[in-house]
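2 protein chains.
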Amino acid sequence: MLSLPTQPPEVYQERRLRLATRVAGATTMIFAGRARPRNYAANTYAYRPDSHFLYLVGCGIQQAVLVGEGDIWELYLPEDPPGAALWHGESPSLEEIAARTGVARVHALRTLSSRLHVGADRIATVPAIDPLTRLSQGALLGRAWALHDDAELGPAPLTGGDAALADALIELRLRHDDAALQHLRAAAEGTYAAHLAGMAATAPGRLEHAVVAAIEAEMLARGMQPAYGSIVSVHGEVLHNEGHGHTMAAGDLLLVDAGAEHAGWASDVTRTWPVSGRYTSTQRDLYQVVLAAQRAAIERVRPGARYRDIHLYAALELTRGLVELGIFRGEPEGLVERGAHALFFPHGLGHLLGLDVHDMEDLGDRAGYAPDRARAQQFGLGYLRLDRDLAPGMLVTIEPGFYQVPAILADRGLCGPFDDSGALDRARLAAFADVRGIRIEDDVLCTEGAPEVLTAAIPKDIEAIERLVGRGVGA
Amino acid sequence: MLSLPTQPPEVYQERRLRLATRVAGATTMIFAGRARPRNYAANTYAYRPDSHFLYLVGCGIQQAVLVGEGDIWELYLPEDPPGAALWHGESPSLEEIAARTGVARVHALRTLSSRLHVGADRIATVPAIDPLTRLSQGALLGRAWALHDDAELGPAPLTGGDAALADALIELRLRHDDAALQHLRAAAEGTYAAHLAGMAATAPGRLEHAVVAAIEAEMLARGMQPAYGSIVSVHGEVLHNEGHGHTMAAGDLLLVDAGAEHAGWASDVTRTWPVSGRYTSTQRDLYQVVLAAQRAAIERVRPGARYRDIHLYAALELTRGLVELGIFRGEPEGLVERGAHALFFPHGLGHLLGLDVHDMEDLGDRAGYAPDRARAQQFGLGYLRLDRDLAPGMLVTIEPGFYQVPAILADRGLCGPFDDSGALDRARLAAFADVRGIRIEDDVLCTEGAPEVLTAAIPKDIEAIERLVGRGVGA
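Here the protein sequences come in this chain order: Y and S. Taking this note's numbering, the leading residue of the first sequence gets 1, the next gets one more, and so forth. Taking this note's numbering, the leading residue of the second sequence gets 1001, the next gets one more, and so forth.
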């Protein structure tokens, strides 16, 4: 029912202290959320605490509320329902919870309303993701983002103290502290084992499901879980492919986008390997183009670098490679300016990574985009989730790709300018029909010096991958 | 984004026809629900359609609404958002969806309000589990069960046409048709493989996580998933143990309650095996008592039998065994009347099983309890989820157990009468300290003749289990 923090209480005290100095004067309330029912109330998905709560408290406590005033932080906890010890075992004592989380005091949740005496407008909060929690939070604090009949759980428009709190949380969470990095490295290690197991389990005639099972078993065996729905597909061109029901065939590439979550902290890695264990020459050519673009982009993860520039640089590198292969004709720079690369690389180069796989996306673009920046209108660039100047401690993904997406390549509005000018050589492209989708993704930490790739151990060179694929089948 | 039914459309047409004859005159609206966000809107738990929708349509379509009027059934589907084909691939055409689900017509969801002309009170519906769906459903149909700030997603109090619809759905879903049984048998097969893998992966010094991984990988490899959070614990006395972080030790029993879900249909199986591969003599004695009670109860799953009587019969068998072992003293019948068995077997003997692992529990006790019956007040019996007369086609679990729950055995109110009268021999009980929890659970189909145990292949005899535990470790 209740886990306790895995780090010493000082870690969370320090984070709360840093937050307090940024929101001086306000009373802060952070809601932990609760488990979401799957098909009836008692059958829930595994509880995942609200990330802001997890960041500041270190563990998930369903329905709990963290309240800060000045530098005094307190937890409001629901009382165990009758019979809880029978069904869920003994809970830690209130004293133990206070000691392990380092809060000043622990109270009964039913007394939370006593904190409203300062006035709801003097209280700062961020909207919870769980709908029931958000509903009660909105009612308690009189917030206008109460749910309505066509509500999505997208980012609520924040104002006043709520906006200031969100910005303070972003400022903290953008640059990871040592405790965070410890978990992020552990997540990366779990992902390493998962991808190796996935490669070993791949073989012609097997279902994608078999690879999913091998990957997720490695996570589960370490007490981790998938940080997001694993993408394991011979149809890599479907960017958010949720099914795993295809039978893998010898000529296919398998695109695997899977990352482990450790104590709430995520990793996010993509590899693309040949089902047969051997890339064809066309697959090899395009794979090397994507890999070169990825390596070049990773090198540019440096303090002060603007992430959008790295995205465009990766697009340029990719376009150069496609010109060399004869798929594009013309000047790479001019092609990128006109957005040609987005025909094959429509998504962004990457995003923030932390407690959330798209870190702090619950706050919309507030975290990913610096205050004076906004999404572009251009096809491709408009999907970029991150446009900040990098700083030491920021963790980002670098994940260029090449896809032949039918919906794009049949779109006259998108392709027309490049078809008509001869910039796109469809006849040459046809020679690469055995590449539906390639993506290569790593988790890259910006440091004072050279970037640190947390997921560097996961093989991405063609030779290394070819040695690993299928090795575990029939063993 | 969208799966298609796995059975021919006639299966669902037949179900809808049978429902229509039971709710003649009303317009029926069944909501499919949508994926629940995990830590931000775009990172969702795997979508699980509402069970009533799944029963009548055969697949999940997020946000869809099934509308029936007389024998005409139609689907209202959300339109794909712009770019959907890019991210999620091409969706099946509306014609294909209509053909595969067998509905008369398919409409755009935005036109659903045109069906309100009959008046919201002439429309029958059952509350969706997904909070956002329930909210929009409540707003559309003017239902009083709109969510409020302390709302749980428990069963809403239904009246009028909604209550009649719920009863009609229960009447249909209580007795499984051939298509349902096909899925339920497939789920049982997945669970068989999962438990065997779990036994093979068990060994002293390993984490419970390793067994969870082995179990769930077998489900995932078959395109199935856990029907509920797997319980895998050396602390079987914590009935709903959610953690898997203990290291297994040689003298421990491991209680494993895990079942696969196939195309939405559940299985639910518990086995309890020794970590070392050998039951101690005390573990063996108590295991045999539980197993004998379970076998005796299964034999009584016959048409016309009242489930509560089977529960009490299992309690009697269990108590007989405990008297033989010297843990209880006295007449088994009298002990059961006074509720003595519930000190060690506090929960119910089982529940309905179907699309939900506690089938139709979204409707509260309306499904599990016959109209003229209600839960007892007695400790133990009050937890019984099912009190109906059995009929062919009903699938129930039979899952007696023996647990030494500290919260019960230290409860003077519960134990006092038996301590004081000498009915409970604590000194004798102390000899069985190495048994914290045993449960044995199978899925049992009531037929015209002898009961059919769908999960009979999963070993439960001591000799068979001892041959299997640890066999896969180090292999």
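If you're looking for bench data, these hints aren't it; they were derived computationally from the structure. Keep in mind that this is a model prediction, so the values were computed, not measured. Ideal placement from N, C-alpha and C gives every residue a C-beta, glycine not left out. Treat the hints with caution; some may be incorrect.
Covered stretches of chain Y (chain S as the covering partner; in silico rule of three or more C-beta atoms under 8 Å from a C-beta of chain S) [claimed, not checked]:
#1 81–88
#2 101–111
#3 211–218
#4 293–305
Here's how the hints hold up against the structure:
no., hint, verdict
1, 81–88, "holds (count 4)"
2, 101–111, "violated (count 0)"
3, 211–218, "holds (count 6)"
4, 293–305, "violated (count 0)"
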